[in-house]
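S.K.: Chain by chain, the residues run as shown.
2 protein chains.
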Amino acid sequence: MTAAADTRLYDAIVPFDGERQAGISTPAQANLNLVGFNLVDGVDRGAVARLMRSWSEDSRRLCTGETPLGSLEPELVVAPSNLTITCGFGPRVFEVIDAVDKRPEWLQPLPEYKLDQLEDRWGQTDLVVQICSDDPIMLAHATRHLVRSGMDYARVFWMQQGFLRAYGAHKPGETPRNLFGQVDGTVNPRSEEEFNEQVWIADGAPEWMQGSTSMVVRRINMNMDTWEMLDRPSREEAMGRKLDTGAPLTGEDEFDEPDFTATDKFGLPVIDQQSHVFRAKPAEGHPEQRIKRRAYNYDIAPEPGSEQLSNSGLVFLCFQKDPLLQYDPIQKRLDEADRLNEWITHIGSAVYWIPPGTSEDGSTGDAYWAQRLLEA
Amino acid sequence: MTAAADTRLYDAIVPFDGERQAGISTPAQANLNLVGFNLVDGVDRGAVARLMRSWSEDSRRLCTGETPLGSLEPELVVAPSNLTITCGFGPRVFEVIDAVDKRPEWLQPLPEYKLDQLEDRWGQTDLVVQICSDDPIMLAHATRHLVRSGMDYARVFWMQQGFLRAYGAHKPGETPRNLFGQVDGTVNPRSEEEFNEQVWIADGAPEWMQGSTSMVVRRINMNMDTWEMLDRPSREEAMGRKLDTGAPLTGEDEFDEPDFTATDKFGLPVIDQQSHVFRAKPAEGHPEQRIKRRAYNYDIAPEPGSEQLSNSGLVFLCFQKDPLLQYDPIQKRLDEADRLNEWITHIGSAVYWIPPGTSEDGSTGDAYWAQRLLEA
Chain Z
1 MTAAADTRLY DAIVPFDGER QAGISTPAQA NLNLVGFNLV DGVDRGAVAR LMRSWSEDSR
61 RLCTGETPLG SLEPELVVAP SNLTITCGFG PRVFEVIDAV DKRPEWLQPL PEYKLDQLED
121 RWGQTDLVVQ ICSDDPIMLA HATRHLVRSG MDYARVFWMQ QGFLRAYGAH KPGETPRNLF
181 GQVDGTVNPR SEEEFNEQVW IADGAPEWMQ GSTSMVVRRI NMNMDTWEML DRPSREEAMG
241 RKLDTGAPLT GEDEFDEPDF TATDKFGLPV IDQQSHVFRA KPAEGHPEQR IKRRAYNYDI
301 APEPGSEQLS NSGLVFLCFQ KDPLLQYDPI QKRLDEADRL NEWITHIGSA VYWIPPGTSE
361 DGSTGDAYWA QRLLEA
Chain U
1 MTAAADTRLY DAIVPFDGER QAGISTPAQA NLNLVGFNLV DGVDRGAVAR LMRSWSEDSR
61 RLCTGETPLG SLEPELVVAP SNLTITCGFG PRVFEVIDAV DKRPEWLQPL PEYKLDQLED
121 RWGQTDLVVQ ICSDDPIMLA HATRHLVRSG MDYARVFWMQ QGFLRAYGAH KPGETPRNLF
181 GQVDGTVNPR SEEEFNEQVW IADGAPEWMQ GSTSMVVRRI NMNMDTWEML DRPSREEAMG
241 RKLDTGAPLT GEDEFDEPDF TATDKFGLPV IDQQSHVFRA KPAEGHPEQR IKRRAYNYDI
301 APEPGSEQLS NSGLVFLCFQ KDPLLQYDPI QKRLDEADRL NEWITHIGSA VYWIPPGTSE
361 DGSTGDAYWA QRLLEA
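Note that the protein sequences, when read in sequence, are chains Z and U.
Using the UniProt record's numbering, the first residue of the first sequence is number 1, and each one after it goes up by one.
Using the UniProt record's numbering, the first residue of the second sequence is number 1, and each one after it goes up by one.
These are computed hints drawn from the structure, not numbers from a lab.
We put the CB at the ideal spot given by N, CA and C, even for glycine.
Honestly, I wouldn't trust all of these hints.
What the hints assert, rightly or not - Pulled from the structure, derived: some chain Z residues nowhere near chain U, Cβ distances all over 10 Å:
(1) Thr26
(2) Leu72
(3) Pro189
(4) Pro206
(5) Asp244
(6) Trp343
(7) Gly365
Unchecked claim - To be clear about the criterion: a stretch of chain Z counts as covered by chain U if any three or more of its residues have a C-beta under 8 Å from a C-beta of chain U, and this derived list gives those stretches:
(8) 129 to 142
(9) 226 to 238
Turn these sequences into a full structure, and let the hints steer you where they fit.
M.R.: Below, the structure is given as structure tokens:
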């Protein structure tokens with residue numbers, strides 16, 4: 001074990017500034033704190049701008065391992081460990097800043113899905129801050145710093161904590177697994193071209209929106225107790241993929257294209273038409289029905305009185321130009337007939353506009369999150 | 001970045017079997033699930049023995065990266081990432097197994113401390129399982145496996161989750177920090193001799209107890225809001241140590257012995273007599289007042305209606321031969337006058353007997369946890 005190996009995570013930095021916010025196309029870290037804030041009474045456009053300036057400046061420093069102004073804890077900021085901080089606006093912010101006419105059409109509650117069992121405590125908030133790091137202490141400290149520095153403007157409504165494999169506990173580029181044991185995130189944009197097609201808002205949008213995107217948050221409870229009653233073939237059939245490799249049931253490799261026309265010796269489809277893979281694929285002639293998934297697992301103490309032995313699931317996060325055109329049709333198809341629905345329940349839902357990236361000197365357009373919108 | 005570096009955590013294994021249980025003197029991992037279980041009605045000595053046999057066998061396999069019997073999830077057990085699983089008995093187990101005469105004197109609720117604000121929901125349970133890993137997915141899967149495999153015998157009462165720095169985000173041997181930014185765990189046994197003196201029950205005890213120890217669990221809320229109002233010198237005075245290096249205020253290095261006789265130019269003690277360091281040191285002539293601290297940070301969603309902006313603190317775990325002789329006198333002195341009490345509150349408390357280690361062939365005496373006690 002060499003010193004170099006042991007300090008490599010310590011020093012790892014994801015640039016905070018850029019055309020787009022970090023934490024979306026950048027590699028997913030091991031730990032997530034997704035914090036939903038509500039603005040306090042009396043906050044207006046000027047106050048939102050002050051909060052965004054202050055949070056952006058603090059985040060820039062935290063993500064680069066520098067001590068933010070006013071911090072008393074330099075020892076807790078030395079190891080960013082790939083820290084990213086990503087901020088978004090809920091629908092009400094556009095009312096607060098008196099800019100309802102600028103609010104994107106899609107920034108509203110998602111359509112209701114028949115199987116939803118949404119709980120208010122995991123519902124829409126005014127702001128979201130997605131904080132991710134490969135180090136849980138850095139994560140906690142960055143979260144604490146922003147909660148405190150924003151306390152005059154916004155208060156925590158919920159905090160959704162999640163995790164993936166630790167840094168070093170997986171091979172580079174390996175697709176993460178969820179707690180059902182499934183490879184989760186195979187179909188995802190990876191190239192810049194794919195991100196431009198699916199995620200980043202660009203041409204046609206006003207300048208202050210270019211480079212922005214949307215985030216959908218769905219809290220999905222996974223019933224481990226009933227799932228574990230299934231044998232492996234039944235699990236694979238429900239998903240349409242093999243558990244070991246993540247390959248479609250018609251292929252050998254995780255990234256093989258599923259062959260939905262293939263049939264077995266009885267003439268039945270190899271990939272069931274109610275499998276997750278079948279239901280999630282873009283509809284014929286609708287290549288825009290793709291999204292960037294960036295889901296985290298959760299596993300917390302069982303609720304008192306719960307019948308489930310565990311309290312596990314997904315903090316499902318996805319990014320796309322337009323949730324109504326891209327996420328909604330997929331979720332409608334899943335809600336109608338995905339076989340996985342027997343073991344999963346959507347219990348939380350929210351949508352946010354994710355402003356473009358920033359630059360310290362303002363050369364990208366915004367020196368702090370949403371500056372051009374807030375100072376227009 | 002080489003493939004070797006990226007798989008080293010993946011393959012890291014802490015031996016499950018041994019004279020003592022792992023997870024006590026072995027290096028602290030990044031992630032903790034401390035699970036308090038209560039036995040279900042009707043469980044008797046034979047059932048406890050069956051549970052211990054089953055949990056020991058499953059744990060042995062999980063910790064070595066092998067799939068436990070009956071598991072459907074081989075993909076989730078490939079990367080132990082230093083997984084350890086450590087089991088303990090609360091006082092009631094000795095009643096259930098009809099062996100009250102064998103129960104250690106100290107296996108009872110700790111004396112009340114005047115500042116305690118204990119909540120039943122973090123109180124004593126029949127069993128405790130301490131699960132630690134450097135990988136949060138391995139941690140969640142191991143926890144789930146044991147919860148399910150034990151469901152006919154025991155149900156989860158609480159789960160206390162905690163974290164330290166990620167593997168690779170600190171230098172080897174570096175003492176961890178808590179969320180107050182303090183180095184936490186400087187005074188700890190490190191050599192085998194120190195562990196024999198302070199932690200492992202040996203000579204004079206019945207054979208089934210030799211190699212066992214006790215675990216004290218204290219859940220300690222840390223009020224970040226009021227702590228952060230202090231400037232750095234006041235924080236250092238309250239602790240008696242420097243924040244940057246963790247050195248005592250009379251020294252330069254973390255491991256320098258504090259000089260409690262040193263005075264400043266006004267003749268006042270450099271280390272305040274109400275500082276944490278002063279209060280925590282063994283009383284004159286009582287070198288046995290030492291413990292193995294293995295505390296984890298917690299940081300979870302704020303409670304609804306809480307006045308604190310954050311919900312942070314310590315899952316304080318310590319191990320010692322006898323909590324009444326070793327932990328209690330320290331905690332009494334801290335409870336009486338530790339200046340840190342202004343910012344911390346003990347909200348949970350429990351004590352467990354931690355059986356000796358195991359060996360697959362029974363050559364250490366127990367093929368499963370507490371076999372000699374349970375089969376006596």
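S.K.: None of the hints should be skipped; say for each whether it holds.
M.R.: Status of the hints after comparison with the structure:
1. Thr26: holds (16 Å)
2. Leu72: violated (6 Å)
3. Pro189: holds (23 Å)
4. Pro206: Non-interface label stands for Pro206/Z: nearest chain U Cβ at 35 Å, farther than 10 Å.
5. Asp244: About 6 Å separates Asp244/Z from the closest Cβ of chain U, which leaves it inside 10 Å; violated.
6. Trp343: holds (13 Å)
7. Gly365: holds (32 Å)
8. 129 to 142: Result for this restraint: holds, n = 7.
9. 226 to 238: holds (count 5)
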